[in-house]
Structure formats: structure tokens, C-alpha cells
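The hints should help you fit chain B onto chain A, whose structure is shown.
Protein chains in written order, with our numbering: chain A, 1 to 407; chain B, 408 to 814.
By construction, these hints were calculated from the structure, which means they are not laboratory data. We put the beta carbon where it would ideally sit given N, CA and C, even for glycine. Not one of these hints is a red herring.
Computed far set for chain A versus chain B, every beta-carbon distance over 10 Å:
#1 F160
#2 D205
#3 A306
#4 S313
#5 E406
25 Å max Cα-Cα, derived DSS-like pairs, lysine-lysine:
#6 A:K134 to B:K784
#7 A:K234 to A:K399
#8 B:K624 to A:K134
#9 B:K542 to A:K405
#10 A:K377 to B:K541
#11 A:K340 to A:K275
#12 A:K405 to B:K541
#13 B:K784 to A:K217
#14 A:K217 to B:K624
#15 A:K217 to B:K542
#16 A:K341 to A:K258
Listed below are the residues making up each chain.
2 protein chains.
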Amino acid sequence: MAGQQRYLRYIVFALVAIILLLFISSSSSVPSAQWPSYKADQTQTAADPSTNKPAVPQTGAAKDSTATTPNTANELPPATAGGERMNATFVTLARNSDIWDIAESIRHVEDRFNRKFHYDWVFLNDDDFNDEFKKMTTALVSGTAKYGKIPKEHWSFPDFIDQDRAAKVREEMKEKKIIYGDSVSYRHMCRYESGFFFRHPLMLDYEWYWRVEPSVKLFCDINYDTFKFMADNKKKYSFTLSLYEYVETIPTLWDTVKNFTSTYPQHVVDGNSMKWLSEDDGKTYNNCHFWSNFEIGNLNWLRSQAYIDYFTSLDQAGGFFYERWGDAPVHSIAAALMLKKEEIHFFNDIAYYHVPFTHCPTGEQYRLDHKCSCNPKDNFDWNGYSCTARYYEVNGMEKPAGYEKEQ
Amino acid sequence: MAGQQRYLRYIVFALVAIILLLFISSSSSVPSAQWPSYKADQTQTAADPSTNKPAVPQTGAAKDSTATTPNTANELPPATAGGERMNATFVTLARNSDIWDIAESIRHVEDRFNRKFHYDWVFLNDDDFNDEFKKMTTALVSGTAKYGKIPKEHWSFPDFIDQDRAAKVREEMKEKKIIYGDSVSYRHMCRYESGFFFRHPLMLDYEWYWRVEPSVKLFCDINYDTFKFMADNKKKYSFTLSLYEYVETIPTLWDTVKNFTSTYPQHVVDGNSMKWLSEDDGKTYNNCHFWSNFEIGNLNWLRSQAYIDYFTSLDQAGGFFYERWGDAPVHSIAAALMLKKEEIHFFNDIAYYHVPFTHCPTGEQYRLDHKCSCNPKDNFDWNGYSCTARYYEVNGMEKPAGYEKEQ
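The shape of chain A in the complex, shown without the other chains (with noise of 0.2 Å):
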């Protein structure tokens, strides 16, 4: 009996035993109802790891209380939204001289969107990248920052181009001044944008892009993923904002256009935005496009025969040169014929900034619930010049209450 009690002690001390241990360890893992802190992200890359600072003391800790704040706390990593990642990136071309317009986008783009979801960042440029610049994107972009030299025979003319002819147009165009009408590395910018970006090595890997320019700003909260939506609804390219190209840089990009469709009629799709290009059925084009420097779209359909095609068809003609086609009407041209029409996507929540425009949501109650900081008054959408209204009416779209005050 004096052995089966003591057998029973044991067994009650190492319950008791257990029980403390089991209360203590799991007690530590409870987060402070408060103010949780977390733990060290560990999905955070960076090409340069000389950015990846081990943590250093609280402040309060600081050496010497009259020196200047070292801010040397402990990195706070950012609340990181869940769910599946789409295997995409941001793109940006840039020069060495556009560091620190880069980072303004940078810092939009990552406060609004990105830093709830570190998507890589894609830096391309025709001249080597210098360390300044690549130091430092990659502290600010919360996703891998990767840079690419883009290879010279995809920013220069192509032998088929006559150089004087492109020569003499530029100085007319000067004389006429219309904007960029001049410049080459323009030209070269228009041509890489339409038909080689997404063919870069670095761009390979990928099959979504947002394309970001310096000096952009984003003034409402995305508290989704942006890539995920577009793959869900079976979207391909989207804008935010839409207006009429000047008809100066383009007189035979319709005539070139045409030329395409009668020669790939394979190429254009039923159910196309052809309506909204043109009130004519297609004989004549009223300059609508959308904006391209703000962009997310599907880089596989870029790289499709068809859109190859298409551009190679249009490079063949030598508008980019004798004339000064931009990207984003040969990008919406593209979209408006080859996509069905439901594939494009208006992003209608991200407001958007790009001199001299704005896109910012109409509606005050849909401002304050997306946490909008642009003036309603800059909102370019029902303005006389934007293609936006047209876009809703060839969809059949709702116009949002409020849009008639801001006609």
C-alpha cells in the first residue's frame, strides 16, 4: 500500500509538473491583446543583402542622450496580406537621373499596395544601372528588385529604317512642336514599350506586370491583390485612365492598323472593344486610348503570336520613326481588337496620378471607404478629353452616382 501511494504521488507530481509546463509554454504564446508585436518577416527578399541589417537595440537605449535619434529600433516588418501569390512583377523603365522620381513611385506604390503583398520590381534601362540607384530601389521595394540592360537591338533603329526620312520628320515636328516630336530616345522608349519589355530575359519568369513610372502617385488603399483579381476574372490588361491621342503622332496608324486586320483576320477576336476605337465600324479611328503608363496586364498575351504579330506588322511600317506612335495607343489597339471586350478592366479604386492627370474615384462615401487622399476635383474620367464615359457606355456600365457634377 506504501508503494501504490507513493506510485500515486509521483503520478500527481508529474501532473501538477506537466500541467505548470504546458500553462507556462503555452501562456508565452498567446499575443498581447493590445498591441501585438511580430515576429521578423521572413518572406522579405532583397537583391542587395546589404540591406538586411541584423536588429540592433531599442532607442531607448541609446549611448549618448544628446546625440541625434539613431533610429535603430527593431524593423518593424509590415502586415502581410494572405492567400496565393501570382507569379508577377512590377516593371519600370528608368535612367541612372530618375532615382529619386522613382522612389516617390516607389513609396506609393509599396505604401498603397505592395507592402501588404512584396511583389518583385523589374528595373530596366538601356545603359547600365549605377550602384546609387540599385541600392537604392532595393531598400524600398519590399519584393526582389531585379535590374536589366536592355539589349541594344531592341533600342535602336532597325536597318529597314531610312535615317534621313526619320531624320527630317523629327525636325518638322520640332518646328510644329509637338511634344517629344524631336527626340529619338523618345522613339526608342514608344517602340521598346509596344514590343520588346515583355520579352526581356528578366521578364520571362513572369506572367503578370504593373507597369510603374517615375513620378506617379497612388492615393487610395488596395487591400487586395490586384494580380489575383485580373487572373480570377480572366482580365488581361486594364487602365485608369483614357483619353484621345494627339492625331499629329499618328496620321497612318489606322491605315497600318487596317492593314494588320486584313492581313491576320485570325488575330481579331468577336466580341471586341471595336467600339469604343471607332464611331465609324472601324474605318476610321477616334483616338481613344488608354493611358499606358499606368498598366497591369498578362505578359503571356503580349508574347502571343498574335500580339507579335501585330506589332512586328506595325515596326514593319516604321511609324515609331517617320511618325512618333506611342505605346499606349498601339498597346490599346491591340486590346480593343484582339482582347474580348470583358477582358479588359477599368481599375476604377486605384486612384492614380501621372502629370498632368488624375484618376480619382467618383463618390465621396466610396473616397472615405477606400481611404482616398486625391482632391475630386482633379478627376479626370468625365472631363471632354477622357475616353473613360465612352468606355462605360460601349460596356454597357453604370456610370457611378455623382459623375454628372463632375462633368
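For chain B alone, kept in the frame of chain A given last:
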């Protein structure tokens, strides 16, 4: 024996059950390692309950795939820093017409700092704030936003001011093209910021303040609680930019200060920053002042008898109206004479812009570590018109490596 065995079996069963229960309850509180998703933040409050919307389904479930994006995903709460909270608030003097400029400032302060801390924000106005201003700012502030009207007696000419004399001064300053020289409201503002804001009923609830003006920018991440830093390190006043005041706006200010210090010698502390204000031990003022559109400071100090005696002396002298004394030299002289020099702090890590000056921390690695997006070429610190080099010297602080290159 059978009873004993049953007894034993009960204990073993209870032990297993308890272990199982504790295991289940403890494992449910383990955060998911890869993409933690957080519950709605209970600590965030808003003065306007209309902004606290119920969560709506994920965008993937959008009804109409041709519609514009609804951005209806569950609100993702910001990651929140742990630790004790200070009794602190942001404070902004603004008019309804400042709404979009204030929106920009709030975005910067929230994105770089307050989304992690959720401090309150007090808005003060000499008029009533309208609904648009209140709704928008409440939506953007992560703490509680409060709105106060300034009492008439704090925003008007005191009885003892000779209105004709004051009007004549404004005429003369207008002719001399002195900035804001002919403005009545600017003078009320300077007097209010000098002597009254910290006594507004809404401010009496707080011990610490951070002053924010419209259209300011912050360029570096601030990952620690600046208010707690001030408290832990016994700081009372702080700055990011310093410069020389326009002497035409304060011709008799220093004489008035000398009258105050001879009347109240007990308010002047040993170990103060007189050397920063004067090259001749207080005989003359060198016009150095902290730029008070940015301030993090202690409200109890401003509400102390010493500061109230100081402000009352200055106010009685009439210089807010007979000259154009700014709150910057008024606050700065008080801090430099009535605080120990260790109680004034230079927030080197708060990269700050207010037209036309920028404080951008010196040293590339420092800026990378703090994720700063400011252009170092814009840094004003080592410019000849800044008093920050003098601040370093008076406090025996070593200037940061590379400062010579920015001179």
C-alpha cells in the same frame, strides 16, 4: 486494489485529457509562419463611426466581371508596434480649404510612422470644420481624430493693442515686401502657436504633441515611438531644421526677451543653449531658431509657469502685432534659455520637407538603413543659412561622416 486501480485509471485519463486540451488551445494561438493574416484591429478608433464598415467578401467573388474593381477585400490592418503608449497626440492648425494639403501630410505621417502606433490627432481651426474635412481626415488617421474650434479670445487683437499702430506696421511691411508682413491672420496664427494651442481644452488631455502642417513630407521610415524616445531620454523639445530668422520681423524681440530674463531670472536654467542663440553671451541675438512647423515636444513644459510668464511678457510687449514675431523664434528662444541643452533633441532620422527646405540625413548607408527616399542634394543642414552646424558645435556633437561634401 480494484478501487485503487480504477482511481489510477481516472488520473491517467484526466492527465491525458488535460494535456490534449492544453495542446489544442495552445496550438490554435501559434501564428502561421509564412503569411500570417491578422484579425481586425481592436485598437483602432475613429471619431466618425461611419468609417467603420463591416467587412465585405473578397473581390474574387465580384458579381459582375465587366464592372470596375470594387476593392471590397477585407480591410488589412496595419502591423502594430508593441510596447507602452505615451499620452501623446498630433496637432494641426488648419482651415477647411487646407483639406487636400492636410491629406498629403497625414498620409506621410501615417505611412512612415503612425500606422504602427495609432496616436490621436487634434485638428484646430478658428472656424468650424466642415463635414468633408472631418470625414476625410477621420478616414486617414489611424488613431482618434478630434476637432476643436479656437476660442475668439485666442484669435483676435488683445485690448492693449493699438489697432491703428498695428495697421500702419502691416502697410509698411507690405511695401517692404516682407513675407506675410501685411497679414492679420498670419499674426493671429503665430500668437496662437506661441501661447495658446497647448491650452486648448482638447490638448489638456495630453502630455506630448507632434505638430504637423499642411503639405509636409516625411522621407524615412520611423520604426520606434518618437514620443517614448522623448520621455525615456528626458527631452522636452525637438527639431529637424533650423535657420536664421528674417531680422525685419523681430527688431525688438531680443530686447523683450532680455526684459523677461531680468524680471524672471529664476526661469533661466543653468546649462542652457544660450551659446546657440548668441555669439556674445546674450548681448545680441544671432537670429538662429528651430523651424517650428515641425515640433515634437512636451505640453507640460509649455503649460509651466516659466513658459506662461515668458509668453505673457512677450505678448504684453505687443510684438506679435507691432512687428511680426513668428512662433518659431518665440518657441526656440524659450527652449534655448529655459531648458537644459540636453532637453532639446535633433531628430536627424526624421527626414522632413516643408516648402522650401528639406532635412535629409547625411550619409548614404544611414539613408539606406532608414529607407529614406529624399535626395541628399536637397539637405539644408550644412547650408550656410542653417543653424544646425552651430547646434552640433554648441552641444559638442560630432558631425556625421560626409557632411563636408554637402556644404
